[in-house]
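*Asks:* Each chain is listed here by its residues.
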Amino acid sequence: MKSHSDPFLIMSIGSCVVVSLFILVPLIQMMITPSWELLTESIFDPDIQKAIWLSIYSSGLAAIISFIIGTPFAYLLARKSFFGKQFVEGIIDLPIMIPHPVIGIAILGIVGKDHWLGSLLHKLGVQMMGTVSGIVVVLTFVGMPFYINAVKNGFESIPVRLENVSRSLGASFSRTFFQITLPLAWRSIMVGIIMCSARAISEFGAIVVVAYHPMNAPVLIYERFTAFGLKYSQPIAVLLIFVCLILFIGLRLVSKKNSAL
Amino acid sequence: MKIYKNWVTILFALIVLTGISVSKVIAEPTGKLIIFHAGSLSVPFAAMEKHFESRYPKLDILREAGGSTKMARMISEIGKPADIMASADFKVIDKSLIPSHASWNIRFASNQLVLCYTANSQYASEINHTNWYKILARKGVIWGHSDPNLDPCGYRSLMVLQLAEKYYKSPGLYNQLIANRPQKNIRPKSVELIALLQTGNMDYAWEYLSVAIQHELKYVTLDDHINLGNYQLDSYYGQAQVTVTGKKPGTTLQRVGKSCTYGITLIKNAPNQEAAVSFLDYLLDPSGGLDILKQMGQPPFIPSRVPTQAMKEKLPTVLKERVIVKN
Numbered sequence: 000m001k002s003h004s005d006p007f008l009i010m011s012i013g014s015c016v017v018v019s020l021f022i023l024v025p026l027i028q029m030m031i032t033p034s035w036e037l038l039t040e041s042i043f044d045p046d047i048q049k050a051i052w053l054s055i056y057s058s059g060l061a062a063i064i065s066f067i068i069g070t071p072f073a074y075l076l077a078r079k080s081f082f083g084k085q086f087v088e089g090i091i092d093l094p095i096m097i098p099h100p101v102i103g104i105a106i107l108g109i110v111g112k113d114h115w116l117g118s119l120l121h122k123l124g125v126q127m128m129g130t131v132s133g134i135v136v137v138l139t140f141v142g143m144p145f146y147i148n149a150v151k152n153g154f155e156s157i158p159v160r161l162e163n164v165s166r167s168l169g170a171s172f173s174r175t176f177f178q179i180t181l182p183l184a185w186r187s188i189m190v191g192i193i194m195c196s197a198r199a200i201s202e203f204g205a206i207v208v209v210a211y212h213p214m215n216a217p218v219l220i221y222e223r224f225t226a227f228g229l230k231y232s233q234p235i236a237v238l239l240i241f242v243c244l245i246l247f248i249g250l251r252l253v254s255k256k257n258s259a260l
Numbered sequence: 000m001k002i003y004k005n006w007v008t009i010l011f012a013l014i015v016l017t018g019i020s021v022s023k024v025i026a027e028p029t030g031k032l033i034i035f036h037a038g039s040l041s042v043p044f045a046a047m048e049k050h051f052e053s054r055y056p057k058l059d060i061l062r063e064a065g066g067s068t069k070m071a072r073m074i075s076e077i078g079k080p081a082d083i084m085a086s087a088d089f090k091v092i093d094k095s096l097i098p099s100h101a102s103w104n105i106r107f108a109s110n111q112l113v114l115c116y117t118a119n120s121q122y123a124s125e126i127n128h129t130n131w132y133k134i135l136a137r138k139g140v141i142w143g144h145s146d147p148n149l150d151p152c153g154y155r156s157l158m159v160l161q162l163a164e165k166y167y168k169s170p171g172l173y174n175q176l177i178a179n180r181p182q183k184n185i186r187p188k189s190v191e192l193i194a195l196l197q198t199g200n201m202d203y204a205w206e207y208l209s210v211a212i213q214h215e216l217k218y219v220t221l222d223d224h225i226n227l228g229n230y231q232l233d234s235y236y237g238q239a240q241v242t243v244t245g246k247k248p249g250t251t252l253q254r255v256g257k258s259c260t261y262g263i264t265l266i267k268n269a270p271n272q273e274a275a276v277s278f279l280d281y282l283l284d285p286s287g288g289l290d291i292l293k294q295m296g297q298p299p300f301i302p303s304r305v306p307t308q309a310m311k312e313k314l315p316t317v318l319k320e321r322v323i324v325k326n
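Line by line, the protein sequences give chains A and B. With the first letter of the first sequence counted as 1, position 82 gets the number 81 in numbering that gives the first Met the number 0; the numbers rise by one all the way through. With the first letter of the second sequence counted as 1, position 56 gets the number 55 in numbering that gives the first Met the number 0; the numbers rise by one all the way through.
Bound-form chain B, shown alone (with noise of 0.2 Å):
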């Protein structure tokens, strides 16, 4: 009878482990896994390759930084292999992945715009939330943003001066501080105005805060009517309307103020679907992924959203739990 329960309890222990083993088979993600990033997820990111890869020792995260409006192109025009596209604009997921190289979107971190600087700008121990309108207008103070065209960085740190001549009421000033600023003080990508600003050839930046906070830079947070970090304001910042290049040389398009969404999706034929969804599933955790950006300045939305049930039900299982339908 004891041999009996003994075979028993070992049959038991060996359906188990088993089970187990096989289910980490399936589970364990391997190989190599794609990601296209907007360049201000790159710090948080790299912290959640650091901590999955730890997991999951065969599996080898490939990051690419960029602007998200690029990285998207790299992947619709020269067919670039990727697995995963994070934007800093969500919008930009909408637009140039969807539908032919994605099907759905998922909201999950929010960002503001800060104006960051170093102990040895030009004014730096005066400037503050009231006045650096003022300082930014003063001459030979050298200032910049990133390019409107190619950073959705740009095009905010634009609509954040447009907002701040309505909220200050004072007419004219977008033109005023735009006049102060020559062509040569805008960059590709906001991150490179970093090292200008730490080497002393730039004053000061317009930046996402969450970039400011892990570049340990000091920066000057503004009023929500103008930073574009408050998605309840979003028919406030709509009065912001920049004039970016279109699809073609010569071609314009307006770009209207909103707040800042990070938005992410799985490319479509990705190449390894599996640790992406994986990967995903880590990141859309409120204890894995969202921690990570909660502690990094990037403020994340938990649960994430999809805007419709419609895209909610393309999503694959597991992530289908991850995310509420909000617009």
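The shape of chain A in the complex, shown without the other chains (with noise of 0.2 Å):
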């Protein structure tokens, strides 16, 4: 009974109340903004179908390339001390400091002709500028330390004793973490795709500076909203929330059950 009563509970009650209003008020005030009719006019527009799908696949792409090159080195991180490990690390969170428009600048500035990679990658007919490849290298960039961190987090979670238990019956170093180790880090893998994709989901100021077109959803609300105005901007906003709401539960949903296994 006291313990209801006590001023910490209220306070992270209302801390709960006060945080979700601050998220929540804008959003739905958004959401109900668009008119019915202009609302089911954008699901049907060709170029809005467009945006989003290319947003949804490029940021999934990013997730997936993040999953490949990104798991070992995340166990890496979590297992092994080495001499400049804190540097390394560093390193990884630089992408979440640097101003989004600077990212898309210094991507530029290698895939052009002026630099020995992008002088390679143009002779191999590999364009980044106005390109999908391009916009998958910007959101890889954006999401891969939210992927590595949350992975890294999940490795260290797991007990070294398992590995060893495995390896002292004789599993190889790899037959160990492929049959140990990523099965019980599952769930911190799909946390770690989730959050890189949402994050690379939601980047535009990288996006605009490598690839105005072809137009993801944010490049195209921008470009609705400078030649349209608010009022044809906020429909594609609308979509892309809920079509994101819808993927990112069921993601939830997808490791929630796996972890559960």
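Just so you know, these hints were derived from the structure itself, not from any lab. Note that the structure is predicted; figures quoted are calculated from it, not measured. Wrong hints could be hidden among the right ones.
[Stated by the list, open to error] The following label-pair restraints were derived from C-beta to C-beta distances:
1) 53(B) <-> 229(A): 33 to 39 Å
2) 53(B) <-> 204(A): 30 to 36 Å
3) 267(B) <-> 48(A): 36 to 42 Å
4) 315(B) <-> 85(A): 33 to 39 Å
5) 57(B) <-> 96(A): 30 to 36 Å
6) 4(A) <-> 98(B): 58 to 64 Å
7) 114(A) <-> 124(B): 18 to 24 Å
8) 253(B) <-> 68(A): 49 to 55 Å
9) 109(A) <-> 124(B): 23 to 29 Å
[Unchecked claim] Here are a few chain A residues that face chain B, going by a calculated C-beta distance under 7 Å:
10) 108
11) 174
12) 212
13) 225
14) 231
[Said to hold, decoys possible] Straight line, CA to CA, 20 Å or less: simulated PhoX-like cross-link-like pairs of lysine-lysine:
15) 79(B) <-> 267(B)
16) 217(B) <-> 112(A)
17) 257(B) <-> 325(B)
18) 230(A) <-> 246(B)
19) 230(A) <-> 319(B)
20) 165(B) <-> 112(A)
21) 257(B) <-> 94(B)
22) 79(B) <-> 230(A)
23) 133(B) <-> 94(B)
24) 49(A) <-> 183(B)
25) 325(B) <-> 313(B)
26) 90(B) <-> 313(B)
27) 257(B) <-> 165(B)
28) 31(B) <-> 122(A)
29) 94(B) <-> 138(B)
30) 94(B) <-> 311(B)
31) 325(B) <-> 112(A)
32) 133(B) <-> 267(B)
33) 49(B) <-> 31(B)
34) 165(B) <-> 133(B)
35) 230(A) <-> 247(B)
For each residue, glycine too, the CB sits at the ideal point set by N, CA and C.
Put the two chains together into one complex, using the hints given.
*Replies:* Shown next, in the form of structure tokens:
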């Protein structure tokens, strides 16, 4: 009975209400502003469909790339301590701190013909400016830190002794990783994928520098806003929020289910 | 007698001093002054900000640059507070801000379009004012312009190409050039194209002369009949017409060629009206802001212009002396 009136508990509930309202009020206001007509018009607008789809699959690709190249790295960071480890961890966090347009400019700087890497890519016929490849590179750049950090924490929470037991029973290092560690870390990997693609789907500043066309959803929202105003940019935002909500709730449910197994 | 004289002098000095300090208190702008302006005005406005703030240390100028149409929308639709709006196309002020958000529009400077490149651009050693359109039509040359729907520099770039077709008497030139410019070479603002030039992602980009000078780019200047820089050729420029998006997705409207003329206005209910008028007075001063514009490749109108006597009447008193009525 006493615990119900504890001031800290009341404060916690109060802050829960404040934080929820802080996030929800502006979003709800935006979601209820567009008329039903405009919203349905937008659903069938091929440009909008294309942009939202591009946003989803480019963010998905960024998450898959992060999964493939980030997982072994996250494992290394979780398990080994080595000289300069903190420095390496600092490097991973850099994309979170750098202003987004700067990321775009930095990437353009190495993919142009003035840079050896860019001139090599041009010779191979790979173009980054204004292409889906460029978009995916940017999204991976901004999303990767979220993936690596989430998965590193996941690996750290798995007891080392389980791996040691596996190895003492004769399993190789890689077999232990794939059969013991990876399945146990599955939930944090899913969280990492969700975090990475959520970060990627919301990216605008770096994208608009590297690729204005083809337009993904945030760029289209910006373009519609500048060309036609608030009225015609809101419905796209509403649709994007709605689609993302379904996707991310779905992903969370999947990861929950897996962890229960 | 001597004491009496001294007293008079002191009294006189006191009166003068109080007079000066009072007038200084009234004249000295303080607080924040918010200026929205076209991206192509960023460099001269940054210099003006520095000058003006050093003159009035209690004033803090906050500038926000963007496509002029977008900046006007920020005021008219979002209701973002601003004191002054300067547009790269003076018509944007007429269309989106007058009469609800502004009541007058001063034309203060002009500009022209040039084709920018760097030493590393393809055919950089070959290009000049007679062969530029042949080079832009070559396969593999990457050139671009800003979005005609968002940035006046974008539709003006297209107008230049249309006028070139007429001037060089080369039918089909416009379509031939556009066919060699994939959509991905379009950017929201012309200033953004500079990063693409400087990183070797693009060979040529259409910019205003001022932007080319301020960013120390190489550029090709074009004949007055093409460059949209000479207002005496406005009727010739009128032959160029570009379709841009209208007020609603799916609708369109026509932009007709006209010389590049910058407009500036004071926003109604400006949060800091006094400082805004004082800044405008400085900007329109031939030895103040207009001189900075001149140095930075944006030929100013000295004096600046309003189209009608009626509009001149609406100006704040100090600004009336800075402008003439000229259409």
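*Asks:* With reference to the structure, classify each hint as holding or not holding.
*Replies:* Results of checking the hints against the structure:
no., hint, in the structure
1, 53(B) <-> 229(A): 33 to 39 Å, "holds, 38 Å"
2, 53(B) <-> 204(A): 30 to 36 Å, "holds, 32 Å"
3, 267(B) <-> 48(A): 36 to 42 Å, "holds, 40 Å"
4, 315(B) <-> 85(A): 33 to 39 Å, "violated, 60 Å"
5, 57(B) <-> 96(A): 30 to 36 Å, "holds, 34 Å"
6, 4(A) <-> 98(B): 58 to 64 Å, "holds, 60 Å"
7, 114(A) <-> 124(B): 18 to 24 Å, "holds, 21 Å"
8, 253(B) <-> 68(A): 49 to 55 Å, "holds, 51 Å"
9, 109(A) <-> 124(B): 23 to 29 Å, "holds, 26 Å"
10, 108, "holds, 5 Å"
11, 174, "violated, 46 Å"
12, 212, "holds, 5 Å"
13, 225, "holds, 4 Å"
14, 231, "holds, 6 Å"
15, 79(B) <-> 267(B), "holds, 12 Å"
16, 217(B) <-> 112(A), "holds, 18 Å"
17, 257(B) <-> 325(B), "holds, 16 Å"
18, 230(A) <-> 246(B), "holds, 10 Å"
19, 230(A) <-> 319(B), "violated, 38 Å"
20, 165(B) <-> 112(A), "violated, 34 Å"
21, 257(B) <-> 94(B), "holds, 15 Å"
22, 79(B) <-> 230(A), "holds, 16 Å"
23, 133(B) <-> 94(B), "violated, 37 Å"
24, 49(A) <-> 183(B), "holds, 15 Å"
25, 325(B) <-> 313(B), "holds, 15 Å"
26, 90(B) <-> 313(B), "holds, 18 Å"
27, 257(B) <-> 165(B), "holds, 16 Å"
28, 31(B) <-> 122(A), "violated, 52 Å"
29, 94(B) <-> 138(B), "violated, 40 Å"
30, 94(B) <-> 311(B), "holds, 19 Å"
31, 325(B) <-> 112(A), "violated, 48 Å"
32, 133(B) <-> 267(B), "violated, 48 Å"
33, 49(B) <-> 31(B), "holds, 14 Å"
34, 165(B) <-> 133(B), "holds, 15 Å"
35, 230(A) <-> 247(B), "holds, 9 Å"
In the structure shown, a violation is registered for the earlier hints numbered 4, 11, 19, 20, 23, 28, 29, 31, 32, in ascending order.
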